[in-house]
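If you want the building blocks of each chain, they are given just below.
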Amino acid sequence: MRAACIAALAACSLLLPVAHAATPPAKKADIFGVWLGIASNSNNFDPQWANKPYTPAPEFTDWGAEQSRQHGRLGVELPTPGACQPINPAAFVGGFFPTQILQGHNQIVLLNEWVAVPRRIYMDGRGHPPAEDWLPSWEGHSVGHWEGDTLVVDTISTNGRSRALNGYLAGNVNATPAGLKAPRLPASDQMHLVERFRVVGNGKILEVTKQITDPKTYKNTFSNTVYMERRPDVDVQEYYCDDNERTKDEGH
Amino acid sequence: MKVITQLGITAALALSATAASAHHSFAMFDLGKDVTVDAVIKEVQFTNPHVWLQILIKDDKGTETEWSIESGAPGMMLRNGWKPSTLKSGDKVTLTLHPLRDGRPGGSLVKVVVPDGRTLGPGAPAAN
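Quick mapping for you: the protein sequence lines, in order, are chains X and D. FYI, in the numbering used here the residues of the first sequence are 33 to 284. FYI, in the numbering used here the residues of the second sequence are 21 to 148.
Misleading hints may appear alongside valid ones.
Once the Cα atoms are required to be at most 30 Å apart in a straight line, the calculated DSS-like pairs of lysine-lysine come out as [said to hold, decoys possible]: (1) Lys81(D) / Lys62(D); (2) Lys60(X) / Lys213(X); (3) Lys131(D) / Lys84(X); (4) Lys131(D) / Lys213(X); (5) Lys81(D) / Lys103(D); (6) Lys213(X) / Lys53(D); (7) Lys112(D) / Lys81(D); (8) Lys131(D) / Lys78(D); (9) Lys103(D) / Lys53(D); (10) Lys81(D) / Lys131(D); (11) Lys78(D) / Lys53(D); (12) Lys236(X) / Lys103(D).
Pairwise CB distance ranges (calculated) [said to hold, decoys possible]: (13) Arg121(D) / His137(X): 34 to 44 Å; (14) Tyr272(X) / Asp58(D): 31 to 41 Å; (15) Asp80(D) / Arg228(X): 53 to 63 Å; (16) Pro104(D) / Asp274(X): 15 to 25 Å; (17) Arg121(D) / Trp178(X): 28 to 38 Å; (18) Pro104(D) / Asn234(X): 31 to 41 Å; (19) Pro150(X) / Arg121(D): 57 to 67 Å; (20) Glu164(X) / Gly123(D): 37 to 47 Å; (21) Pro215(X) / Arg121(D): 49 to 59 Å; (22) Lys108(D) / Phe77(X): 51 to 61 Å.
Worth flagging that the hints you see were computed from the coordinates, not collected in a lab. Using N, Cα and C, we set each Cβ at its ideal position, and we do this for glycine too.
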C-alpha cells in the first residue's frame with residue numbers, strides 16, 4: 033500500500049507543476065524573427081512608424097568635419113573603398129534589407145540580408161573587454177541585457193572603417209537629388225552605440241532607438257529611431273555581393 | 021524608337037553600345053532625369069549584388085542600340101513583385117530610367133511595365 037502511494041505521487045509529480053522550481057527568467061519581449069524596415073519598403077504607411085532622424089543634429093568636431101568631406105567624395109570623385117564591406121552596427125537594422133533576430137544559448141544574433149557578417153550580442157552578463165584588449169571589428173563588441181521588455185545593447189570597439197552612417201553619397205538605386213546634398217555622417221573607432229529594441233504596435237512593429245556617442249567625430253551625443261515590421265512571410269535571401277563584377281564598386 | 025520623355029537620349033544613342041562601367045556609384049546616373057523608352061529585353065542578369073537588364077532600343081532610323089539598365093538587389097526585387105522569370109528575352113516593355121550622365125547607353129531603373137501589366141520598380145515600390 034505504501035509503495036502504491038509513493039508510486040502514485042511520483043506519477044502525479046510528473047503531471048503537476050513543480051511549485052518549488054527555480055523562478056523562471058523574466059518574460060522577454062518576442063523580438064525574434066524577420067523584420068523589414070517600414071519607411072524604406074513602402075510608399076504608404078502609418079506615419080507613426082516613420083523613422084525619426086538624428087536628434088539633436090550631429091555637431092562635427094574638426095576631425096569629424098574633415099572626415100565628412102572626405103566621405104562625400106567617395107563614389108563621386110573617388111571610387112568607393114569597397115562596396116561589399118560590412119556596414120556600421122549603427123546602420124545595421126532598419127533599412128531596405130530584412131533583419132533576422134535569432135536566440136542563441138548565451139547570445140542574440142542579428143543577421144541582415146545585406147551584411148556579410150552577423151552581429152553577436154552576448155547576453156551572459158559579461159562586460160566589454162578593457163580598452164587595451166579591444167579587437168576592433170566591423171560590428172564591434174556587443175553586450176546586452178533586458179530592461180523589462182526592452183533589449184538594451186551596448187556596442188564598442190568598431191574599426192572606424194565603415195561607410196558613413198547615412199551611406200555613400202548616391203549609394204543606392206533609390207538615391208535622390210536631395211539625398212546627394214546631405215552631409216555624410218561618418219563614425220570613428222571611438223563610437224559608442226547604445227540601442228534599445230522594443231516591440232510595439234500589438235506585437236507587429238520593432239522599434240529600435242540608437243544613441244551614438246563618438247567624441248572623435250562629434251561634439252554631441254545624438255539618437256535616431258527606426259521602425260520595422262514583423263514579416264514572417266519574408267525569406268531572407270543570400271546576398272554575396274561580389275557575384276556580378278559589373279556592380280562591384282558602386283557602393284550599393 | 022518611341023521616346024516619351026526626350027532628355028539627353030539623342031546624345032546617349034550617338035555613342036557605342038558599351039556596357040555600363042563596373043566602377044561607379046549611382047552618382048553616375050542623372051537622378052533628376054526620367055527617360056521613358058519602348059524596348060525589347062535582350063537579357064536579364066538576376067544576380068547579386070544588383071540585377072541588370074540588357075535592353076534593345078531602336079532609334080527613328082531603325083538602328084538598334086543595347087542599353088545596360090541597373091536595378092536593385094535580387095532580394096529587394098523579390099519582395100516587391102519580381103521573380104527571376106518576370107522578364108524574358110524578347111519581351112517588349114515600356115521602361116523608365118535615370119540615364120547615365122556621361123551619355124553612354126545605360127541607366128538605372130526607375131520603373132518598368134512588365135508583360136502582365138504590372139508596373140515594377142528597382143526593388144522598392146514603384147514610384148507613382
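Okay, the hints, checked on the actual structure:
1. Lys81(D) / Lys62(D): holds (20 Å)
2. Lys60(X) / Lys213(X): With a Cα-Cα distance of about 42 Å, the restraint between Lys60(X) and Lys213(X) is violated, given a limit of 30 Å.
3. Lys131(D) / Lys84(X): Given pair Lys131(D), Lys84(X) holds - Cα atoms ~28 Å apart, limit 30 Å.
4. Lys131(D) / Lys213(X): Judged against 30 Å, a Cα distance of about 24 Å means the pair holds.
5. Lys81(D) / Lys103(D): Status violated; Cα separation ~34 Å.
6. Lys213(X) / Lys53(D): holds (17 Å)
7. Lys112(D) / Lys81(D): holds (19 Å)
8. Lys131(D) / Lys78(D): Status holds; Cα separation ~19 Å.
9. Lys103(D) / Lys53(D): holds (27 Å)
10. Lys81(D) / Lys131(D): holds (26 Å)
11. Lys78(D) / Lys53(D): holds (20 Å)
12. Lys236(X) / Lys103(D): It holds: about 27 Å lies between the C-alpha atoms, which stays within 30 Å.
13. Arg121(D) / His137(X): 34 to 44 Å: Given about 52 Å between the Cβ atoms, the range is violated.
14. Tyr272(X) / Asp58(D): 31 to 41 Å: The hinted range 31 to 41 Å holds for Tyr272(X) and Asp58(D), with Cβ atoms some 34 Å apart.
15. Asp80(D) / Arg228(X): 53 to 63 Å: holds (60 Å)
16. Pro104(D) / Asp274(X): 15 to 25 Å: holds (20 Å)
17. Arg121(D) / Trp178(X): 28 to 38 Å: violated (50 Å)
18. Pro104(D) / Asn234(X): 31 to 41 Å: Hint holds: Cβ distance 35 Å, inside 31 to 41 Å.
19. Pro150(X) / Arg121(D): 57 to 67 Å: Taking Cβ atoms as reference, Pro150(X) and Arg121(D) lie about 37 Å apart, which means the hint is violated.
20. Glu164(X) / Gly123(D): 37 to 47 Å: violated (55 Å)
21. Pro215(X) / Arg121(D): 49 to 59 Å: violated (22 Å)
22. Lys108(D) / Phe77(X): 51 to 61 Å: Once the Cβ atoms are compared, 33 Å apart, the range 51 to 61 Å for Phe77(X) and Lys108(D) is violated.
Checked against the numbered hints given earlier, this structure breaks hints 2, 5, 13, 17, 19, 20, 21, 22; the rest are met.
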